[in-house]
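Visitor: Each chain, written out:
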Amino acid sequence: MYSFDVENPETVADAVAALGQDEAQALGGGQTLIPTLKQRLAAPSVLVSLSGIAEIKGVSADGGAVVIGGGTTHGTVANEAGAYGALAALAGNIGDPAVRNRGTIGGSLANNDPSACYPAAALGSGATISTNTRSIAADDYFQGMFETALDEGEIITSVSFPIPEAANYQKFEQPASRFALVGVFVAKYADGVRVAVTGASEEGVFRWSEAEAALSSNFSAEALNGLSVSADGMISDLHGSGAYRAHLIGVLTKRAVAAAS
Amino acid sequence: MPKDHGIGASPKRREDVRFLTGAGNYTDDINVQGQAYVHFLRSDVAHGKINNIDTAAAAAMPGVVRIFTGADFEGVGGIPCGWQVTDKHGEPMKEPAHPVLAQGKARHVGDPIAAVVADSLEEARNAAEAIELDIEELPAVVDMKAALEGGATKVHDDLDDNLCYDWQFGSPADETDAVFANAAHVTTLELINNRLVANPMEPRVAVGDYSRANDESKLYTTSQNPHVIRLLMGAFVLGIPEHKLTVIAPDVGGGFGTKIFHYAEEAFCTFAAKACNRPVKWTSTRSEAFMSDAHGRDHVSKIELALDADNNFIGLRTDTYANMGAYLSTFASSVPTWLHGTLMAGNYKTPNVTVNVKAVFTNTVPVDAYRGAGRPEATYQLERVIDKAAREVGVDPIALRRQNFITQFPYATPVAVEYDTGDYEATMAKMEELMDLPGFAARRAASEANGKLRGFGVNCFIEACGIAPSNLVGQLGARAGLYDAATVRVNATGSISVMVGAHSHGQGHETVFPQVVAEMLGIDESMVDIVHGDTSKIPFGMGTYGSRSLAVCGSAMVRATEKIINKAKKIAAHLLEASEGDIELKDGQFSIAGTDKSVAWGDVTLAAYVPHNYPLEDIEPGLEETAFYDPANFTYPAGAYACEVEVDPDTGKVTVEKFVSADDFGNVVNPMIVEGQVHGGIAQGIGQALLENCAYDENGQLLSASYMDYAMPRADDLPHMENYTVDHSCQTPCTHNPLGVKGCGEAGAIGSPPTIVNAVIDALQSGGHNVEHIDMPVSPSRVWEAMQG
Ligand SMILES: Cc1cc2nc3c(=O)[nH]c(=O)nc-3n(C[C@H](O)[C@H](O)[C@H](O)COP(=O)(O)OP(=O)(O)OC[C@H]3O[C@@H](n4cnc5c(N)ncnc54)[C@H](O)[C@@H]3O)c2cc1C
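As you go down the protein sequences, you meet chains H and X in turn. The numbering of the first sequence is full-length UniProt numbering, which starts it at 1 and goes up by one. The numbering of the second sequence is full-length UniProt numbering, which starts it at 1 and goes up by one.
Treat the hints loosely; a few may be bogus.
No more than 20 Å apart at the CA atoms, straight line, and that leaves these computed lysine to any residue pairs for SDA-like [as the list claims (entries may be wrong)]: (1) X:586 x X:653; (2) X:653 x H:241; (3) X:653 x H:35; (4) H:38 x X:586.
Chain X residues, not near chain H, derived (Cβ > 10 Å throughout) [said to hold, decoys possible]: (5) 23; (6) 59; (7) 70; (8) 87; (9) 89; (10) 132; (11) 134; (12) 254; (13) 477; (14) 478; (15) 491; (16) 611; (17) 771.
Listed next, the stretches of chain H that the computed footprint assigns to chain X, with coverage defined by at least 3 CB atoms under 8 Å from CB atoms of chain X [unchecked claim]: (18) 205 to 211; (19) 241 to 250.
To be clear, the hints were calculated from the coordinates, so they are not data collected in a lab. Backbone N, C-alpha and C define an ideal beta-carbon position, used for all residues, glycine too.
In isolation and in its complexed conformation, chain H is listed as follows (with noise of 0.2 Å):
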């Protein structure tokens, strides 16, 4: 690590004005930033911590939809977001107690990590993510790995999460890390599925199209035999070849329509 100054406004403002400062950058749980400083893989001169801002804190249910603060921990989420409850299972399942009690939904979607959780939450509920400046549809705001729409300096404030009929995230997790090796997200709403992949591609989460046009019109798994995706473009490390994630992408996705509720 290298040393910096830590600020700790408790309003989105004060936020957003300390991150005005040169080489300023906002910390929200530490669980990915934190590691990344002790390797000194990056130098920020200032950290504003927004763990101490009530207004981006705790979840609310609000016609038809779950909005989360974007500083709400992933323990808080898990605990808290019942009305939506493939969403808190996810919250729940994502690292450790320890990572869970300080990891915020914020930090998770602006990092957009490809193995990640709530990216596949977020693209496959088609939530919109609101910051200090604008709302933006997850559709728009996912952009490639650790890529985001997001402006520097911009703060995830909240996340609204339409509240679909039926849900499920199917997790596998990768051996060592235990972050998505794969992850599908399900959910049908009354206009259509909506069917979101992490941990797969080399582009980052994204929708298999394919897969919701055919659960849009039979919400079985049955509905997605003979359909697979391509391995060109998916992830091929020590833990699995591409060929093998597009596989488990076929699996998964039907597991978590058996598992829907």
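Got chain H; can you put chain X with the ligand on it based on the hints?
Guide: Okay, now just chain X with the ligand, sitting in the frame of chain H:
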């Protein structure tokens, strides 16, 4: 009724009070007044020519005390190898220099090139970044077979090639070849024993301290054997005589073999403390541990088993490539040879066994002993090929093993060791009972109804522990004796400190050793403590590895305690005015046989130190005895392991549903601790079988350099407690040590990997998949790929 004290009882581990309450005193907890910190600049290329190191700018950075490079160590010895192996032509192995800091070339990712000593770690790191290193990347050799091809890049320019030795052992090759030529059936298997990173919970730490006033050096280090470090570092590296060098290994948070070896960082801190006249501390980060702790295993083998028409094993031939990494670590050369070739007979009376091992240098981290060291590699090959043979000849894998068991003891194998005792049939029968084999069909059907495949795997193993008879290992090339030592110091009031050469880093010696002494004297265990880990306090013993602590050091302790008893009886005889031959010791009382006259243990010990009424003309005052014990043979724990796994055919994921170990450890002093050792060993074995994989890319970059990619076993990777049975009720006591113990530290890690892989193959076969072998770790993706054909 289980005993509640002494040998055979299971008192809770007394050391756990401090470990579980955060009160342990680990090396990193030691801070010496005025200490500076070192940060090592390590190579980020696998192979590179160092053209220039410019430290001028770095040396001017704030807080820098001094910067060291290889040039500072030119007059200093290199890190030595403790075992010279002789190759099949009678030539000594190649022993390239292993400098403390790289000289001219870096040979693996993580090889230390320079070291910055500074007032703070932060400043040391900052300055290290300012060092201008001109290093020219060279092609790296990673694959062992490629490394041996003509024209391959050489890891060491002064050697002819990358071959450390070509070692052949056992039955003459032509005799074994003849047996194969006439065999009714030959089964062949090629397999890889995956490279592992030991990953003790506590990373390595070294604190060097130097007293100018006394010209004395002190090293605090995370070691399993402080005297071995004092010997190697003092005599071979830094030239410090023993009386001027103290090595202290305080609480050590796990070793698993990787803390046996003498490491460059230890020598560096000791050297730098004197050069800077300031204590110097190094604490490994986890990332450094991945690229500087000696790795384990990494064998590539071909094994062939010959059977006659009645399925008797008649010949075994193995051809192994053993990765040494870039340098020879302390015991690296002995692991694939004397700790591996000698075990190739396993539990079977195969009359002809020929083992060939080629040890190879590559641009990777040095490889050395890791829990089991050589014996897991031997067992894995043998038990996998037997399983394959059983399938090929169509017999039950248990029956095939049973038919070929050694049943007469002592038994001299064709690979030079003599098993003193054993009963392989007994452990097999115990395993069968505990596994509930008749229930397997129903469990398999239940799994299949769930869309899963269920497989059964069995494995037998034998290991050579209690390392080791010094005269024997000396003939085999060991450069150290492998006896051990203990001093029993009885204090005036009867309490006892036992100074032992063994080192406890998780094993529970502090609980177990007192159980033995207390039993022998008939006193309360709480009156006995052991002292270990400090060369200035303990006799010159050789430390802990190879499941040797109780069998070797414990035997020394028994011998010393016997001397104590002999002397105490003389004192008691004097106090009781009786003849020594009539004195009996029972329950801490010395009595005259057949009378009610007695004196208590405490009366005798007090008399020894307040010798007012004492036979001074016959014996010296005081009550303190030392014994050195050199074993007459190895000990041979053995057992039968079995498991059931489920394979999810859709994802390839394997889960261990049931695991049974039936071990013969000879006598058992503390059953709870033995069971804990086996549980831990099996967890590590399951880790190797299903999860752990230290992988390099073709350029020698470490792909699994953190826990993001190196998968450690976790609690939920193991079967639930009710399906996880470790049994040690089959006991054939060792015939040549006074406790009759054999050692239990490595068994679990040796016996479990083939059990798991055998079960996975059985599961896949049961599902109609013609899969003969999958290399470890048997990860979901590998299982799935294998199923694709
Ligand atoms: C052991 C371990 C296991 C894990 N397992 C999983 C897993 O299984 N699945 C999974 O999805 N994740 C996993 N994670 C990652 C975890 O979910 C992290 O918490 C998350 O990715 C980052 O959130 P954070 O709040 O800790 O962000 P930080 O680490 O503090 O920040 C990450 C990045 O986001 C930025 N940032 C933080 N908050 C905001 C905000 N509100 N608005 C804008 N930018 C912001 C920061 O500037 C930084 O660039 C794991 C992490 C660990 C350490």
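Visitor: Each of the hints needs a verdict: does it hold here or not?
Guide: Here is how each hint holds up against the structure:
With a CA separation close to 58 Å, the supplied pair residue 586 of chain X and residue 653 of chain X exceeds the 20 Å bound. Distance hint between residue 653 of chain X and residue 241 of chain H is fulfilled; the C-alpha atoms sit about 15 Å from each other, no more than 20 Å. With a C-alpha separation of about 30 Å, the suggested pair residue 653 of chain X and residue 35 of chain H falls outside the 20 Å cut-off, and the hint is violated. With a CA separation close to 61 Å, the supplied pair residue 38 of chain H and residue 586 of chain X exceeds the 20 Å bound.
A cut-off of 10 Å between C-beta atoms confirms that residue 23 of chain X is not in contact with chain H; the least separation is 22 Å. No beta-carbon of chain H is positioned within 10 Å of the beta-carbon of residue 59 of chain X; the least distance is around 20 Å. Every beta carbon of chain H lies more than 10 Å from that of residue 70 of chain X, the smallest distance being close to 24 Å; the non-interface claim holds. At the 10 Å boundary, the C-beta of residue 87 of chain X stays outside the reach of chain H, the nearest C-beta of that chain being 35 Å off.
Distance check on residue 89 of chain X: its Cβ is at least 39 Å (rounded) from any Cβ of chain H, clearing the 10 Å threshold; non-interface status holds. Against the 10 Å criterion, residue 132 of chain X stays outside the reach of chain H, whose nearest CB is about 18 Å from its own CB. Annotated as non-interface, residue 134 of chain X keeps its C-beta farther than 10 Å from every C-beta of chain H; the closest such distance is 22 Å. Distance to chain H confirms residue 254 of chain X as a non-interface residue, since its nearest Cβ pair spans about 19 Å, more than 10 Å.
Every C-beta of chain H lies more than 10 Å from that of residue 477 of chain X, the closest at about 37 Å, which supports listing it as non-interface. With a minimum CB-CB distance of about 37 Å to chain H, residue 478 of chain X clears the 10 Å threshold, and the non-interface call stands. Distance check for residue 491 of chain X against chain H: the nearest CB is about 46 Å away, which clears 10 Å, and the non-interface claim stands. Taking the minimum C-beta to C-beta distance to chain H, about 60 Å, the non-interface status of residue 611 of chain X holds against the 10 Å cut.
The claim that residue 771 of chain X lies off the interface holds: its Cβ sits roughly 16 Å from the closest Cβ of chain H, which is beyond the 10 Å cut-off. Coverage of the segment 205 to 211 of chain H by chain X is violated [criterion: at least 3 residues with CB-CB distance below 8 Å; count 0]. Counting residues of the segment 241 to 250 of chain H whose CB lies closer than 8 Å to any CB of chain X gives 4, so the stated coverage by that chain holds, three being the minimum.
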